[in-house]
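Please build the complete structure, drawing on both the sequences and the hints.
Under UniProt numbering, the residue at position 28 of the sequence shown is numbered 28, and the numbers go up by one with no gaps.
In case anyone wonders, no lab produced these hints; they're calculated from the structure. Keep in mind that a hint or two might mislead.
[As the list claims (entries may be wrong)] Cut-off 30 Å, straight-line C-alpha distance, at most; resulting in silico cross-link-like pairs (DSSO-like, lysine-lysine): (1) 109 <-> 35; (2) 38 <-> 109; (3) 121 <-> 38; (4) 107 <-> 35; (5) 230 <-> 38; (6) 35 <-> 193; (7) 68 <-> 126; (8) 230 <-> 35; (9) 193 <-> 229; (10) 121 <-> 68; (11) 5 <-> 65; (12) 126 <-> 109; (13) 126 <-> 193; (14) 121 <-> 65; (15) 229 <-> 126; (16) 5 <-> 40; (17) 107 <-> 121; (18) 38 <-> 229; (19) 229 <-> 109; (20) 40 <-> 193.
Just so it is clear, the structure is predicted and the values come from calculations on it, not from any experiment.
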Amino acid sequence: MVDYKININGLDVDAHYSEENINEIFLPLLERLTKLQKDKNRRILVMLAAPPGAGKSTLVSFLEKLAKETEGITELQAVGMDGFHRRQEYLTSHTTVRDGQEMLMVKIKGAPITFDLPLLKERIEKVAAGHNCGWPIYDRTLHNPVDNVITVSAPIVLLEGNYLLLDETGWDELASFADYTIRITAEEEHLKKRLIERKAASGNSIEDATAFVDFSDMANVHTCLTKSKKADLTLEVLEDDTLRIEA
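Right under this line is the structure:
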């Protein structure tokens with residue numbers, strides 16, 4: 001087992017990856033992407049879509065690190081779509097309807113409608129076209145995105161997010177820019193447990209964390225699991241948090 005400690009959007013994460021997953025899934029994936037980039041002789045864009053709680057941000061960070069440490073692997077840069085959250089001022093002044101009830105968007109922050117899809121698509125187009133460009137991150141202390149924190153410049157760009165493969169109007173255009181797609185799935189109850197633990201770790205009581213996850217996160221989990229397109233590679237998070245390739 002390999003321990004991996006990283007700070008993701010202001011939260012300290014202590015992850016563990018099995019030697020089997022590294023040798024049988026991660027390294028072969030990096031070799032495949034390296035070959036694809038060399039064959040196409042240009043930047044390639046890889047999209048990894050996964051529901052909340054599946055560990056996608058930590059995984060792509062680990063893959064970036066593994067690529068740097070492995071001889072013969074082309075440089076890979078991991079970025080996320082969290083920086084495309086709409087600003088808090090927007091979310092607290094605009095409403096949407098869920099289950100027949102009108103509410104402020106901030107109440108369901110993290111749902112597809114709370115992201116700036118046009119801006120995300122614009123940046124994805126630039127990255128896919130091979131341009132070096134600024135990329136935003138989401139700052140959990142500010143509760144807002146901060147633009148141009150990252151400069152996208154690598155020959156392999158690995159973009160992670162909840163809705164990159166979402167099969168809904170507008171979102172369904174994003175996958176056309178990808179050279180390779182990855183999807184992560186898991187049982188909803190397992191993701192719920194992980195999300196509650198994560199929310200509680202950021203200072204919330206178990207009761208408050210559970211209420212938030214039930215109301216907000218689980219709707220997004222269900223959307224990701226039931227409305228995403230098929231991918232070139234699908235991985236499943238198991239109960240022991242290891243991954244396996246879905247046939």
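We went through each hint and held it up to the structure:
no.: 1; hint: 109 <-> 35; in the structure: violated (38 Å)
no.: 2; hint: 38 <-> 109; in the structure: violated (39 Å)
no.: 3; hint: 121 <-> 38; in the structure: holds (25 Å)
no.: 4; hint: 107 <-> 35; in the structure: violated (44 Å)
no.: 5; hint: 230 <-> 38; in the structure: holds (25 Å)
no.: 6; hint: 35 <-> 193; in the structure: violated (38 Å)
no.: 7; hint: 68 <-> 126; in the structure: holds (24 Å)
no.: 8; hint: 230 <-> 35; in the structure: holds (22 Å)
no.: 9; hint: 193 <-> 229; in the structure: holds (25 Å)
no.: 10; hint: 121 <-> 68; in the structure: holds (28 Å)
no.: 11; hint: 5 <-> 65; in the structure: holds (12 Å)
no.: 12; hint: 126 <-> 109; in the structure: holds (26 Å)
no.: 13; hint: 126 <-> 193; in the structure: violated (37 Å)
no.: 14; hint: 121 <-> 65; in the structure: holds (26 Å)
no.: 15; hint: 229 <-> 126; in the structure: holds (23 Å)
no.: 16; hint: 5 <-> 40; in the structure: violated (34 Å)
no.: 17; hint: 107 <-> 121; in the structure: holds (24 Å)
no.: 18; hint: 38 <-> 229; in the structure: holds (26 Å)
no.: 19; hint: 229 <-> 109; in the structure: holds (23 Å)
no.: 20; hint: 40 <-> 193; in the structure: violated (41 Å)
Comparing the model with each numbered hint stated earlier shows that hints 1, 2, 4, 6, 13, 16 and 20 do not hold.
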